[in-house]
Amino acid sequence: MTVFIVRRLMQSVVILLVMSVIVFLGVFAIGNPVDILISPDADQMERERAIRALGLDLPLWEQYFVFLRNAAVGDLGRSFVFNEPALRLIFERMPATLELAFTAVVLSLVVGIPLGLYAGLKPQTATSKGIMAGSIVGFSLPSFWQGLMFIMVFAVMLGWLPSTGRGQVGSFLGIKSSLFTRDGLAHVILPAINLALGNAALIIRLTRAGVRETLLQDYVKFARAKGLTHRRVVGVHVLKNILIPLVTVVGLEIGGLIAFAVVTESIFAWPGMGKLIIDSINQLDRPVMVAYLMMIVFLFIVINLVVDVLYSVIDPRVRLQDVKG
Amino acid sequence: MSQPTLAVRDLKTHFFTRGGVVKAVDGVSFQIGKGRILGLVGESGSGKSITGFSILGLVDPPGRVVEGEILLKGENLVGQPDERLRAVRGNRIAMIFQDPMMTLNPVLRIDTQMIEAVQAHHDVGADVARARARDALGRVGIPSPEERLNAYPHQFSGGMRQRVAIAIALLNNPEVIIADEPTTALDVTIQGQILYEVQKLCRETGTSLIWITHDLSVVAGLADDICVMYAGKIVESGPIDDVLDRSLHPYTKGLLGSVPSRNKRGSPLAQIPGMTPSLLSLPSGCPFADRCPRVQDDCRAALPPMVEYRPGQAARCIHPHVEGRA
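Residue numbers (my numbering), protein chains in the order written: chain Y, 37 to 361; chain E, 810 to 1135.
To be clear, the hints were calculated from the coordinates, so they are not data collected in a lab.
In this text the structure is predicted, and so the values were computed from the model without any measurement.
One thing to keep in mind: the hints can contain errors.
Straight-line Cα separation of at most 25 Å, SDA-like style, residue types lysine to any residue; simulated pairs [to be verified]:
| no. | chain 1 | residue 1 | chain 2 | residue 2 |
| --- | --- | --- | --- | --- |
| 1 | Y | 158 | E | 826 |
| 2 | Y | 276 | E | 911 |
| 3 | Y | 276 | E | 928 |
| 4 | E | 821 | E | 921 |
| 5 | Y | 257 | E | 994 |
| 6 | E | 843 | E | 948 |
| 7 | Y | 257 | E | 943 |
| 8 | E | 821 | E | 1116 |
| 9 | Y | 257 | E | 894 |
Here's a subset of chain E near chain Y, in silico, CB distances under 7 Å, partners left out [unchecked claim]:
| no. | residue |
| --- | --- |
| 10 | 865 |
| 11 | 867 |
| 12 | 906 |
| 13 | 963 |
| 14 | 965 |
| 15 | 967 |
No residue lacks a Cβ here, since even glycine has one placed at the ideal position from N, Cα and C.
Given these sequences and hints, build the entire structure.
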């Protein structure tokens, strides 16, 4: 397994390199930051000095190699706008996004798995049909619209929950998070539900499909023939088997939630990475964009690795080794 | 004769589908004494597996037992609450399935799957249950059972997995084991071993065995008695030698005729013409009438009753193969 992980990490370096080229070219294609950053009144001399200071006078391939050289020592460049290291900017915003994504994942699992189990075990009941209909609504409604409706209903009309921002941040075991204060929790609920809804719907459908399929397997019937209780058959024999597809999807979804929390963060003015990247794109803050995208790529690599390792824990038939050829 | 271990009386299991009522098991009766082996033989779709599942109360919707009695030592299991049936399943009546590759849960270790089977019925600690599981594995001939307990199903071959399934069935010393074609998916040498082991274990422990199969040659060397099923009904029953050597029902004759054997080498294999009738729309008379070589007009009039033509040997036929009758 160690060999597997080491080899996997080496492959990751290649992926990161390839991605860096794509990202660099993509960001270059979006537009020239000079037009936005330098005031139109500036004279030619000033303009050129600024361009040289930002390193934009070099040809693209040279800029790329400068970036690579710096990246090798952990420096992904300084933000044009804030004049701070891009990585530090991202890391400042990251806890907010992570706590939002984490809450959303937990919510969608806590809601999705039981509902999916129920719908899978009793497919004919009205409740199950209601759950399935609800799940279609859940992932069909556009996320931004859901968010706006939440704000309108719960913040404006009912006035139960705050509509914007991150609440008070508490500290627990050295971890700072708004999940540890009442005010923080109140702030996180709406955006987390907004982010979780589509996922919960997906998990419901996935769990239901898994249960429906697993129930037909001989080993479930054999487990019943052994005289096991219904609870044990479902809780152990069925659940452990449907965890396999669930782990895959949830793993990918976590990455997706972190990377694409952009919409939710914009609507709820959540001070996370998503808002940072939107602002950076608007201002053509290249280093931040590049650093952000590289971070996300790295995140996906890590998540996929964790998912693969989890696989081998859940499913004894999976052995972690490279398939040659 | 003393009370039979298991008696099934007029069992009817129907499936209520959109297309109509499928009478998968339609009035099946048989009984089995302590330590006896009963062969339940029939083609695919004749209702033999459903009979087995009905006894355990494991018929899935849209099917259910609509009528009849299943008497385990005199106690009727039909209509009992599920908790009562659960206490019987795996404890007093155990079952072995057809495909050993599918019966063990792929993500659970063997010991987990065996210990839970013991603990479902006995209030014992994990160590006691584990010791019992180890002994059961040893009894079915699995080498180094202690180590194998920690293995996962995919680390066993098909034959070994079936042995594990048999060991699980034996765990709680059941009074009856229902074996649903347990050797069909295995290759012939393993088949022979499994047959031998199961027979030996049942004789040793006094367990009654219902062996469901479509393979007459398997039953021939194994069973004491045999029931031949066709379209959800038993068409012939009796002691194994009588039924095989002096079959009454033309269907039994047909089945026997279609078994390849050495002295028929070279000649085309006899077969029963036609196919099993749809269980949705059975003819009113004998369900075998359309395929029967001895069919006469009165066969189609009404369903023939089971008639005991010889002591212990009965057939559902009004023109059976009996000496002196046409």
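Hint by hint, here is what the structure shows:
no. : hint              : result
1   : Y:158 with E:826  : 18 Å, holds
2   : Y:276 with E:911  : 16 Å, holds
3   : Y:276 with E:928  : 20 Å, holds
4   : E:821 with E:921  : 36 Å, violated
5   : Y:257 with E:994  : 18 Å, holds
6   : E:843 with E:948  : 20 Å, holds
7   : Y:257 with E:943  : 23 Å, holds
8   : E:821 with E:1116 : 20 Å, holds
9   : Y:257 with E:894  : 14 Å, holds
10  : 865               : 6 Å, holds
11  : 867               : 6 Å, holds
12  : 906               : 6 Å, holds
13  : 963               : 5 Å, holds
14  : 965               : 12 Å, violated
15  : 967               : 13 Å, violated
Hint violations for this structure: numbers 4, 14 and 15, all remaining hints satisfied.
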